[in-house]
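Student: Make the full structure from the sequences, and use the hints.
One line per chain: the protein sequences are X and C, in this order.
Note that the first sequence covers residues 1 to 151 in this note's numbering.
Note that the second sequence covers residues 1 to 194 in this note's numbering.
Don't read these hints as lab results, they were simulated from the structure.
One thing to keep in mind: the hints can contain errors.
Said to hold, decoys possible - If you anchor each label on the Cβ, the simulated ranges turn out as follows:
1) X/P127 <-> C/Y40: 17 to 27 Å
2) X/Q142 <-> C/Y40: 29 to 39 Å
3) X/P62 <-> C/P132: 45 to 55 Å
4) C/T110 <-> X/K106: 45 to 55 Å
5) X/E123 <-> C/K96: 32 to 42 Å
6) X/K110 <-> C/P17: 36 to 46 Å
7) C/P174 <-> X/M126: 22 to 32 Å
8) X/D144 <-> C/Y40: 29 to 39 Å
Unchecked claim - Computed list of lysine to any residue pairs in SDA-like fashion (alpha-carbon distance at most 25 Å, straight line):
9) X/K143 <-> C/A103
10) C/K108 <-> C/A64
11) X/K125 <-> C/K121
12) X/K118 <-> C/K108
13) X/K118 <-> C/K96
14) X/K110 <-> X/I135
15) C/K121 <-> C/L33
16) X/K118 <-> C/Q44
17) X/K118 <-> C/S28
18) C/K16 <-> C/V66
To be verified - Reference listing, derived: stretches of chain C covered by chain X, where coverage requires no fewer than 3 residues with Cβ under 8 Å from a Cβ of chain X:
19) 24-35
20) 38-51
21) 129-142
Using N, Cα and C, we set each Cβ at its ideal position, and we do this for glycine too.
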Amino acid sequence: MSIRAYMRKPLYDSRDENSIITVMARKGMLDYGSKGCMDTNDSLRVASLWHSMHAISQQLSPTTGCSEIELLEANTFDLHCFQSLTGTKFFVVCKLGTRHMEALLKVVYKLYIDYVLKNPFYEMKMPIRCEVFDINLTQTVQKDRVALLGR
Amino acid sequence: MIGTGKIKQYANVLDKPLGKGKQEVSLSAFAFLFSELVQYNQTQVDNISELETRLEDAGYAVGARVLELLCHRDKGNRRETRLLGILSFVHSTVWKVLFGKVADSLEKGTEHEDEYMISEKELLVNRFISIPKDMGTFHCGAFVAGIVKGVLENAGFPAVVTAHFVPVEGQQRPRTTILIKFAEEVLRREARLG
Numbered sequence: 001m002s003i004r005a006y007m008r009k010p011l012y013d014s015r016d017e018n019s020i021i022t023v024m025a026r027k028g029m030l031d032y033g034s035k036g037c038m039d040t041n042d043s044l045r046v047a048s049l050w051h052s053m054h055a056i057s058q059q060l061s062p063t064t065g066c067s068e069i070e071l072l073e074a075n076t077f078d079l080h081c082f083q084s085l086t087g088t089k090f091f092v093v094c095k096l097g098t099r100h101m102e103a104l105l106k107v108v109y110k111l112y113i114d115y116v117l118k119n120p121f122y123e124m125k126m127p128i129r130c131e132v133f134d135i136n137l138t139q140t141v142q143k144d145r146v147a148l149l150g151r
Numbered sequence: 001m002i003g004t005g006k007i008k009q010y011a012n013v014l015d016k017p018l019g020k021g022k023q024e025v026s027l028s029a030f031a032f033l034f035s036e037l038v039q040y041n042q043t044q045v046d047n048i049s050e051l052e053t054r055l056e057d058a059g060y061a062v063g064a065r066v067l068e069l070l071c072h073r074d075k076g077n078r079r080e081t082r083l084l085g086i087l088s089f090v091h092s093t094v095w096k097v098l099f100g101k102v103a104d105s106l107e108k109g110t111e112h113e114d115e116y117m118i119s120e121k122e123l124l125v126n127r128f129i130s131i132p133k134d135m136g137t138f139h140c141g142a143f144v145a146g147i148v149k150g151v152l153e154n155a156g157f158p159a160v161v162t163a164h165f166v167p168v169e170g171q172q173r174p175r176t177t178i179l180i181k182f183a184e185e186v187l188r189r190e191a192r193l194g
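Tutor: What follows is the structure in structure tokens.
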């Protein structure tokens, strides 16, 4: 399996503890197309692995000033990652060659700020159990799916 | 000199006309503030009905003030004496000022004479809030119910106001209904007035 990672120059210097939000792995959701669904434990494991890799990538870079891994291409899947200004990371695992994932991640980020952070019953850094967030997320993915793949 | 406009200087600050003020407030700012209000009250109470009561009290204060302001600004100091008058005032004017649009509908209850319902597809205060399953029938719209109660009681129409979720078929999110139950004296007075 070959893995190529793309790194990007930073916008700022983040020193604080980062939290990871996994878009797809969290729920084992049918609508997200299927096979890649993980349960909570697995997704937590993946998230913490990813967080460490992300942090290491900054030292791995041959040039100075790398902030994050943006894209990970493997043989059978792509992993796109988006880091907000506060260091919260969103990543999505998708089929090889799926386009517009960065746009999707930005939309998810917007949904996160709206329906999770403004929810008084959400405790920071806990798994997200917000109904409105889920509903909107499903709608976004469906819409995207129809737009990209026509189904 | 550039900048000296023709602003009329009032000798007495009380003579200055009351402006309409800024019509818009950032929705995000309000959402965060409201979220903090709910979280703060959660730490102070032991159970859900107390939390609802607290939100209602907060809304009551808002309602009382909104009534005074709107009576002066929008209605030219006219006082509503009839039931339907005050209800349509709440349904259109108050809602328009607070939420930017009139409420979806105003209905009279079929089972009891003293019940009226204002319903909305989704209350503005609830837009970003998802109630966790273990909180049962808790409704953050208790705040809005408090506002309505504040307006009604201070206008001379004492009532018990509550907010409820009404599930709708074919939609994931239930509708919200504000149920207004007027006190006996209001109905008696209304009957007397004919």
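Student: Within a Cα-Cα threshold of 25 Å, do C/K16 and C/V66 meet the stated pairing?
Tutor: holds, 21 Å
Student: Between C/P174 and X/M126, is the Cβ distance one that fits in 22 to 32 Å?
Tutor: Given about 25 Å between the Cβ atoms, the range holds.
Student: Take a look at whether the Cβ-Cβ distance between X/Q142 and C/Y40 falls inside 29 to 39 Å.
Tutor: holds, 37 Å
Student: For the pair supplied as a hint, X/K118 and C/S28, is the alpha-carbon distance within the 25 Å limit?
Tutor: holds, 8 Å
Student: Is X/K125 within 25 Å of C/K121, Cα to Cα?
Tutor: violated, 31 Å
Student: Is 45 to 55 Å respected by the C-beta to C-beta distance linking X/P62 and C/P132?
Tutor: holds, 48 Å
Student: Do C/T110 and X/K106 keep their Cβ atoms within the hinted range of 45 to 55 Å?
Tutor: Holds: the Cβ-Cβ distance is about 48 Å, inside 45 to 55 Å.
Student: Given the hinted pair X/K118 and C/K108, is their Cα-Cα distance within 25 Å?
Tutor: violated, 34 Å
Student: Within a Cα-Cα threshold of 25 Å, do X/K118 and C/Q44 meet the stated pairing?
Tutor: holds, 20 Å
Student: Indicate whether the distance between the beta carbons of X/E123 and C/K96 respects the range 32 to 42 Å.
Tutor: For C/K96 against X/E123, whose Cβ atoms are near 36 Å apart, the range 32 to 42 Å holds.
Student: Quick one: are X/P127 and C/Y40 within 17 to 27 Å, going by C-beta?
Tutor: For C/Y40 against X/P127, whose Cβ atoms are near 24 Å apart, the range 17 to 27 Å holds.
Student: Would you check the hint for C/K108 and C/A64, treating anything up to 25 Å between C-alpha atoms as holding?
Tutor: holds, 24 Å
Of the hints listed earlier, those the structure fails to meet are numbers 9, 11 and 12, in rising order.
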